[in-house]
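Number of protein chains: 2
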Amino acid sequence: MTRVMASGVFDILHTGHVHYLSEAKRLGDELVVVVATDNTVRKNKHEPITPEKMRLELVQNLKPVDRAILGHEGDMFGVVTEIKPDIIALGYDQLFDEKALENELVRRGMHITVVRLGRYEDDLNGTRKIIRKIIEWHTATACKEEKD
Amino acid sequence: MTRVMASGVFDILHTGHVHYLSEAKRLGDELVVVVATDNTVRKNKHEPITPEKMRLELVQNLKPVDRAILGHEGDMFGVVTEIKPDIIALGYDQLFDEKALENELVRRGMHITVVRLGRYEDDLNGTRKIIRKIIEWHTATACKEEKD
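Note that the protein sequences, when read in sequence, are chains A and B. Per this note's numbering, residue 1 is the first one in the first sequence, and the count goes up by one each step. Per this note's numbering, residue 149 is the first one in the second sequence, and the count goes up by one each step.
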């Protein structure tokens, strides 16, 4: 049984997320997804739009996903030790270097293959695109209301 | 085999959508979901944020969903004739009156049970809440940029 681990924020789901998780699932038999906690998102990126409980529940309900859990805060190695994956699937925009990550895992006694997955057309800043669209449509009204 | 039909816009997925579809699935054996086309959304509500292709693909990838299709434009009876459900599951906020809808279906020769599903706490304007949050966080910046 090959266990694959994927991870992400998954704030406002879009088809890029589904493609990433479907591809990750195809690498093995079981897909475990680590959803970043609100605190981790705050530290690394920005305030999440939807809370971790909602992001976790949505990911758990996606067909390619066998199990989803909230990440640990701090580095990723704690959660890797817990999940014990055979493969870690990185999305096209995740910042780790595959080789460096594999080496660090070996240094910690874990022999895990790290696979970089490709980019899909509608991956391109999916969540940001959605947010930008919402803002564009509402900016005029919102600014007007602020002045009133 | 009991076939259940559910329907909606599903623009920016949230846990209220997943609860609605999970409840609908529990009413029978097979769940077919009708996703409103962009044109229908425009006619009835407002411009959709995410296009019908993306909304359809996300719904198709949710665990409770056996099949998802785009709706017909015009009234809902065309798509009901096509799907031939035993049960139509209405979300708590869908505007049809159950009895009136059942009677209209009978008048058209279709004997279908219409079931109204309950409301969950995080159903409460899920998508609107998310949109409001995005707008709140960005209004100040957006208005400032507009002035510059």
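Some hints could be false.
Said to hold, decoys possible - EDC-like mimics (lysine to aspartate or glutamate), calculated; alpha carbons at most 16 angstroms apart, straight line:
(1) A:Lys133 x B:Glu284
(2) A:Lys133 x B:Glu195
(3) B:Lys211 x A:Glu73
(4) B:Lys211 x B:Glu252
What the hints assert, rightly or not - Listed next, the stretches of chain B that the computed footprint assigns to chain A, with coverage defined by at least 3 CB atoms under 8 angstroms from CB atoms of chain A:
(5) 210-218
(6) 235-246
(7) 276-284
Unchecked claim - Examples of chain B residues lying across from chain A (beta carbon under 8 angstroms, computed):
(8) Val166
(9) Glu195
(10) Met202
(11) Glu205
(12) Ile260
(13) Thr261
(14) Val263
Treat the hints as calculated values from the structure; they're not laboratory data. All C-beta atoms in this analysis are idealised placements derived from N, C-alpha and C, irrespective of residue type, glycine included.
The hints, checked one at a time:
1. A:Lys133 x B:Glu284: At roughly 14 angstroms apart (the allowed maximum being 16 angstroms), Glu284 (chain B) and Lys133 (chain A) satisfy the hint.
2. A:Lys133 x B:Glu195: holds (11 angstroms)
3. B:Lys211 x A:Glu73: violated (28 angstroms)
4. B:Lys211 x B:Glu252: violated (31 angstroms)
5. 210-218: Contact hint for the region 210-218 of chain B vs chain A: holds, 3 residues under 8 angstroms.
6. 235-246: violated (count 0)
7. 276-284: n = 5 at 8 angstroms, threshold three: holds.
8. Val166: Status holds, d = 5 angstroms.
9. Glu195: This interface hint holds because 7 angstroms falls under the 8 angstroms limit.
10. Met202: With a minimum Cβ separation of about 5 angstroms from chain A (threshold 8 angstroms), the hint on Met202 (chain B) holds.
11. Glu205: holds (5 angstroms)
12. Ile260: Check failed: Cβ of Ile260 (chain B) comes no nearer than 26 angstroms to chain A, outside 8 angstroms.
13. Thr261: Check failed: Cβ of Thr261 (chain B) comes no nearer than 25 angstroms to chain A, outside 8 angstroms.
14. Val263: Cβ of Val263 (chain B) sits 21 angstroms from chain A, so the hint is violated.
Checked against the numbered hints given earlier, this structure breaks hints 3, 4, 6, 12, 13 and 14; the rest are met.
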